Amino acid sequence: MGTRDLKPDIDFNRRALLVAGAGGAVWAGLTMRLVQLQTVESEALRLASEENQFDLRLRAAPRGLITDRTGVALAANKPDYQVLFLPERAGAEAGYVIEMLRILMDLPDATVVRLQRGVDQAAHEEILLQANSWEDFSRVSLRLTDLPGVSTDTGMVRAYPYARAFAHPIGYVAKPSQRDVDRAREAGDDGHARFLQDPSVRIGKTGVEIANEAVLQGRPGRVKIEVDVHGRRTGRAPIADLDPVAGQPVILTLDARLQTYAMERMGTESASAVVMDTETGELYCLASSPGFDPNLFVDGIPSRIFRELNEDDHRPLYHKALTGTYPPGSTFKMVTALAALDAGFDPSFRVNCPGFYFFGGRRFHCWSRRGHGPMDMHEGIKQSCDVYFYVAGLQAGPERIAKFARAFGFGHRYELGVPGVSRGLVPDFEWHQRRYGRQWSGGETLNNSIGQGALLSSPLHLAVMSCHLANGGLPVWPKLIREGGAPLNRIDLPEIAIPADHMTPVQKGMWGVMNEGGGTARGSGDMGIEGVTMAGKTGTAQVRIITMAERRRGVIANADLPWHLRDHALFVAYAPFEKPRYAISVVVEHGGSGSKAAAPIARDILAQAIMLDVAGAAPARLDDQKRLVLPQGTTA
Amino acid sequence: MTLREKLFSLNWLMVLVVAGLCAFGIAFQYSVNGGSWVGEAGEHAERIVLFFVVAVVLAFVPLRWWRAAAWPAYAVSLLMLVAVEVVGVTRMGAQRWLDLGIMTIQPSEIMKMALVLALADYFHRAIENGWKGFWLIVVVPLLVTLLPVALVFHQPNLGTGLLLLASGGALIFFAGLPWRYIVGALAVLVVATPLYVLYGMHDYQRDRVMTFINPDYDPQGEGYNIAQSKIAIGAGGFWGRGYLEGSQVQNDFLPEKQTDFIFAAVAEETGFPGAASIMALYAALLAMMVSLTLNARAAFARYAMAGITVMVATYVFINLGMVMGLMPVVGIPLPLVSFGGTAIMVILAGVAFALSVGLNRDKKL
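Residue numbers (my numbering), protein chains in the order written: chain A, 750 to 1385; chain B, 228 to 592.
Incorrect hints may have been included.
Here are the computed distance ranges between Cβ atoms for each label pair [to be verified]: (1) E232(B) to L766(A): 41 to 51 Å; (2) S887(A) to L243(B): 55 to 65 Å; (3) E842(A) to G266(B): 12 to 22 Å; (4) W362(B) to T788(A): 46 to 56 Å.
Covered by chain B, per the in silico footprint, the following chain A stretches (three or more residues, Cβ under 8 Å) [said to hold, decoys possible]: (5) 754-764; (6) 767-777; (7) 1305-1317.
When the alpha-carbon atoms are kept at most 35 Å apart in a straight line, the in silico DSBU-like pairs for lysine-lysine are as follows [said to hold, decoys possible]: (8) K756(A) to K359(B); (9) K756(A) to K827(A); (10) K1375(A) to K1152(A); (11) K756(A) to K591(B); (12) K827(A) to K1375(A); (13) K1345(A) to K591(B); (14) K1328(A) to K954(A); (15) K954(A) to K973(A); (16) K590(B) to K359(B); (17) K1152(A) to K973(A); (18) K924(A) to K1328(A); (19) K924(A) to K233(B).
None of these hints come from the bench; they were simulated from the model.
The structure presented is a predicted model; accordingly, all values stated were derived computationally and were not measured.
Note that CB positions come from ideal geometry on N, CA and C, so glycine has one too.
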């Protein structure tokens, strides 16, 4: 048909039917699509709609308590009132919402700026505001329907009732860092990563809190909160999706009274005190001074305060009792003595001390410039004569000294259930070759004999050594966690059988230090308890090198030196001498001499431990459901 | 025929089908309004009931009156489209509305009906007078179509423009447009469409097309709209989540839920039974319209019915295709169910005309 004859009534019906048929096909196609969406794809789309409909809110389970040995709470939970703001959901009303929150909660300017920044970035993460009071919290709660993007929640927040006294061993919890989140994600645990991003979640950052995170944390619960597209909650009640499982308690070996006393006794010194049971190895006190308030970290520590803590030359954030390492100084002399006895050294043999000792063409000085005169082992320990131990050390030899040092607990990293435990260092031939690439020289033996040189030990090592000296050389493993907590690996210390006739003169020497005329800590010997005496040993660790020129001019007294150059004061002891129970080590950084700075503190803490009968107090325990049972038999 | 006979022979089934669609519309305007009549749901209900009654009354208007009104309606609509260019009200970035004081109307919507009637009259005359040849049968009607289409595209209103083009083009096709021209036109379309998309479109229109081709490219969040719509339909599942219980609808996740995406609301809350009922009602309405197209005696009635049927069908198909994620977002409502004024009026005018044709099936004019 040519265009010339084109007439509008020839093909109409055929074409109309054709179009109608095409329409029918389209209709069929649309119906199939509807069926596909509502059956095949329904499951996935239903999930997507639930993601829209519900705000899945993880709820941290109540964190397990951390208690002292008698069940006194050292880390507990208190209720807190949270207001949460999700900027991306506030939308166009963000400015109004922030202004309302500012008025209702009396927010400081810095917080307002933080909220505004969140809005500018359309942040996907909620910003947590801690309500100052229940009143502020309820004022916001009442107006939730007018405040898009805002929700409220009551949670539990970690609280440390003893604040600074237990900050070091217990540590603290804080908001997970981006690194924590990334690490969870790398481990393939997206659910945990999301949990960590929840603004109310806190995780252990240091101390017992971090090392026992899994036990303390429990399993978070989950609730579904219905929201509209603006993030406003609808009126419906939250739906519990998964019940939380509470964290389990951890009972420590520490005694709250003793630890608090030790902290008070150390005062403003940069110091540490470790008290251990001479038989069980339980730590009754693990204190570092100065302390800091761990509660500051829970809500995020203001950077100014953190900077102050971090830059303080007394290093309050540092767990000196476990992490700090010092040359043991004269406190090491008992180990040298026992090694010498093992090598056949006669304890009654007298060594003459003129104030120095010549060895290998060098002069090795005694701390007493005038010299001690003739010294046997008892006097050598009592008066801490360096020359006596140079001779004894040479008799023992460096390898034997190293072996005894290890048997007495030096050079091991103890797994206590807290991070940051130092290994210390016990030098021997092999180490020396590796470290310096040359052979051991005799002068180094002399230095080691009096606890100087490369030897390094933490206050914990010193306390373990004191235990061995007190119990006659039985191996003791320090223990911080009494019940609960993550499983720990125990390494066996190399055991050396020490004959009683070797141990007795050493113990008597230590008794003499405290109780006989001429003892270096004679002034601190009186514990003020009837029938109880103590044995101890002073030590001083040099921080600076004394040059020959200075020796000729006369060594500058500690009191005339700037604080950071003064010697560290060390002291180890145990009591009662008659029936040993408590071993102690005290280190006062830059405290000058061990006898003046450290010994009185150690004596007072030991006396306190005996008077409180720390070891005899009825302990708390966990029942088979891992619930805390207090000594009176009540369940917490 | 007496009025009584007319009342008796009125296509009551069609009235019932349309009433069913209107009822769905009223029920779901109430639902998307948060289960309240206050505001737009009430407004919609009042208006559609009024329009529905007027449509049934208009069914008794003789066909020659419709025919007599065709060209005046076309001329007035064209003038209003020009007026929109000059004094139109701009809403949502497009100049589409004309404020008449008592109501704002969209002249482009009225033009849909007017164009169909005018072309139907033209082809009626062509047959009556034995007009033939390419110029008279193709070119002149095409010009009649393209004049308003150009004005509507310029507003810009891509969706309505395409609908006008579709109904006008359909009538020319029914009139016998040779296949080789159709093939040629399709070829031109294939070449011209990308060029038009790239150089002739407004940014938001281009974004819509690009978003459809590549959902990741989504500067206006329209992929989001489609995604939420699909979620609503799928989340409803086969049996739906219950009337007033759809979380996508009630918690505002479904965008444009009163207008373009009302079908998703029906599908979420009443599932397949509800959604399929709407589709079945449309299928019934369209089938009855096709039957009228094929069986009416007067050429005017046949052509006008053909145009109205194509118009309603394109409305429905494009809307459903868009809501179910098969087409780009073009902003076309679901007739009678979506919230709207002029659009509902025009569709009900089409229904009135169909009823009128039904009563006057055998009239020659």
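* Against the earlier hints, flag every one the structure doesn't satisfy and list their numbers going up. => Going through the list in order, the structure violates hints 1, 7, 9, 10, 13, 14, 17, 18 and 19 and respects the others.
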